[in-house]
Amino acid sequence: MSDHLYTKKSRPVLASMVCSIALGAAVTFALPLVSTALSPVMGSSVGIAQAAEDAKPKRSTRRTPAIRAKVFEKLNEAQVAAEEKRYKDAIKLLNDLRDTSGKNALNSYELANLYNLYAFVYFTIEDYDNALKAYLNVVKQPDIPEAMELNTKFTIAQLYFVKEDYNGGVKTLLEWFKAKKDLGEDPGANAYALLAQGYYQLKDLTKALKYIEVAIDDYQSRGKVPKEQWWGLQRYLYYEKNNIDKVIAILEESMKHYQKKAYWLQLSAMYNEKKRDSDATAAMEAAYEQGLLTGDKEQINMAYLFLSQEVPYKAAKVLDKGIKDGTIPSTSKNLELLGNAWRQAQEVKKAIPEMEKAAAKSDKGELWSRLGNIYLDNDEFEKAEDALENAFKKGGLKRPEQAFLVLGMARYNLKKYDGAKKAFKEALKSDSTKDYAKQWMTFMDRELARQAALADG
1 MSDHLYTKKS RPVLASMVCS IALGAAVTFA LPLVSTALSP VMGSSVGIAQ
51 AAEDAKPKRS TRRTPAIRAK VFEKLNEAQV AAEEKRYKDA IKLLNDLRDT
101 SGKNALNSYE LANLYNLYAF VYFTIEDYDN ALKAYLNVVK QPDIPEAMEL
151 NTKFTIAQLY FVKEDYNGGV KTLLEWFKAK KDLGEDPGAN AYALLAQGYY
201 QLKDLTKALK YIEVAIDDYQ SRGKVPKEQW WGLQRYLYYE KNNIDKVIAI
251 LEESMKHYQK KAYWLQLSAM YNEKKRDSDA TAAMEAAYEQ GLLTGDKEQI
301 NMAYLFLSQE VPYKAAKVLD KGIKDGTIPS TSKNLELLGN AWRQAQEVKK
351 AIPEMEKAAA KSDKGELWSR LGNIYLDNDE FEKAEDALEN AFKKGGLKRP
401 EQAFLVLGMA RYNLKKYDGA KKAFKEALKS DSTKDYAKQW MTFMDRELAR
451 QAALADG
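Under the working numbering, the first residue of the sequence shown carries the number 1, and numbering increases by one thereafter.
Just so you know, these hints were derived from the structure itself, not from any lab. A virtual CB, placed ideally from N, CA and C, is assigned to each residue, including glycine. Take the hints with a grain of salt, since some may be wrong.
Here are the simulated DSSO-like pairs of lysine-lysine, each with C-alpha atoms no more than 30 Å apart in a straight line [to be verified]:
(1) K333 <-> K398
(2) K361 <-> K394
(3) K383 <-> K425
(4) K361 <-> K398
(5) K256 <-> K275
(6) K180 <-> K210
(7) K422 <-> K438
(8) K324 <-> K349
(9) K274 <-> K207
(10) K434 <-> K422
(11) K74 <-> K133
(12) K256 <-> K317
(13) K224 <-> K207
(14) K321 <-> K383
(15) K140 <-> K74
Label pairs and their computed distance ranges (CB to CB) [claimed, not checked]:
(16) Q229 <-> K350: 45 to 55 Å
(17) Y258 <-> E164: 25 to 35 Å
(18) D186 <-> V80: 35 to 45 Å
Construct all of the structure, not just a fragment, from the sequences and the given hints.
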């Protein structure tokens with residue numbers, strides 16, 4: 001019977017690396033599992049393995065004993081039971097066959113097929129310890145076909161990985177590699193990738209990198225696209241070595257074939273780490289344009305990147321779209337960010353409504369103070385005065401002296417000179433605004449004197 005390959009999701013040690021990107025966002029690399037999948041494969045009859053062996057060129061001169069007809073029938077009966085999911089019946093049939101003695105005792109090849117079927121049944125019912133024991137009994141038998149021995153050894157290595165016995169897995173794989181080399185056969189890229197995973201789990205990162213690169217190079221030399229998980233492991237290992245340039249090169253190459261949001265975020269983060277700010281922004285923008293940045297934090301970070309690159313209009317467009325379609329919450333903070341982006345883009349008329357909504361949602365006066373500044377810049381002096389008065393009522397201003405200065409300017413333009421003087425006097429109390437306040441008061445006094453002279457004349 002042919003060797004069995006099984007599927008089970010092993011739990012790799014998921015290591016992660018976090019690298020900051022612009023203005024506080026972060027991205028994580030998770031180590032992918034690269035081991036070869038295990039899946040139960042069973043032929044329609046016990047004789048399939050022998051037929052396959054007969055069809056292959058002989059590797060050696062081993063004389064393999066034949067399977068007797070009665071033994072074949074019993075093995076086939078057990079196999080049918082297993083296929084029908086009557087596992088207890090299958091094991092009982094195998095036990096009865098195993099316990100035969102005397103002239104009916106099983107020969108080595110019969111025993112090998114017996115234990116191979118045991119392994120299939122035990123793995124199917126997730127009894128991995130007994131499955132492994134059964135496979136080990138397969139390779140203990142003398143004079144079995146060399147291909148059967150090799151294939152079973154590889155399956156044993158995989159099973160060690162399933163059990164998270166990485167020492168056992170790597171040791172068995174190395175034995176298998178030696179046997180393949182002695183036969184002059186290529187182990188194949190998948191085997192090298194599995195070995196790399198084993199060395200990673202054993203914390204031998206140098207050997208892990210060596211063998212994953214053998215796997216990747218093997219595929220690329222034959223014009224094949226390396227598996228996504230292989231590039232993921234290679235990328236992770238280079239990051240552990242702090243070789244950011246290599247990480248970037250791997251990401252750029254792998255993204256020609258595997259387009260995922262996580263990779264754009266990682267690439268942006270790596271560019272940022274190398275101070276390639278424009279490239280970091282471009283990578284994030286590419287992800288955004290493909291509709292991959294669906295989370296509010298991702299979109300807000302995109303806006304911050306645009307602002308850091310002095311492209312406020314694009315930042316405003318991202319925020320405006322996100323808030324309108326509901327993917328970015330219309331909080332006071334987010335509305336303020338949108339208003340500031342429009343303002344930096346010289347779109348004051350678009351900035352004002354957003355700042356108004358932001359201020360209305362805030363329980364502090366700071367946003368009203370900033371809104372007062374915008375109104376002043378837009379020559380809306382009455383609204384500026386109202387906003388600043390509201391700011392003082394709510395309180396919590398970070399720079400009240402600045403707010404008094406702006407309030408004085410608004411009142412001056414409204415010809416509310418007494419109110420303006422009162423506001424400027426408050427601004428005089430702070431070192432940061434006293435010089436400006438003095439200039440405004442001097443200017444106002446001169447203007448009042450000029451107006452009085454004109455009135456007298």
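Need the status of pair K434, K422: alpha-carbon distance at most 30 Å? Between K434 and K422 the Cα gap is close to 13 Å, so the pair holds against 30 Å.
So if I understand the rule, the pair passes when the alpha-carbon distance is 30 Å or less; does K321 with K383 pass? 28 Å, holds
Given pair status - K394, K361, alpha carbons within 30 Å: 12 Å, holds
Within a Cα-Cα threshold of 30 Å, do K361 and K398 meet the stated pairing? Measuring from Cα to Cα gives roughly 18 Å; hence the hint holds.
Restraint status (C-alpha distance of K324 to K349 at most 30 Å): 18 Å, holds
Compare the distance between the alpha carbons of K224 and K207 with 30 Å, and conclude whether the hinted pair is satisfied. Between K224 and K207 the Cα gap is close to 23 Å, so the pair holds against 30 Å.
Check the hint pairing K140 with K74 against an upper bound of 30 Å on the C-alpha distance. The hint holds at about 22 Å.
Within a Cα-Cα threshold of 30 Å, do K274 and K207 meet the stated pairing? 27 Å, holds
Does K317 sit within 30 Å of K256, going by the straight-line distance between their CA atoms? 28 Å, holds
Hint consistency between K333 and K398 [alpha-carbon to alpha-carbon, up to 30 Å]: 16 Å, holds
Between the beta carbons of D186 and V80, is the distance compatible with 35 to 45 Å? Since the Cβ atoms of D186 and V80 sit about 36 Å apart, the hinted range of 35 to 45 Å holds.
Given the hint of 45 to 55 Å, check if Q229 and K350 actually sit that far apart at their C-beta atoms. Holds: the Cβ-Cβ distance is about 46 Å, inside 45 to 55 Å.
When held up to the earlier numbered hints, the structure conflicts with none and fits them all.
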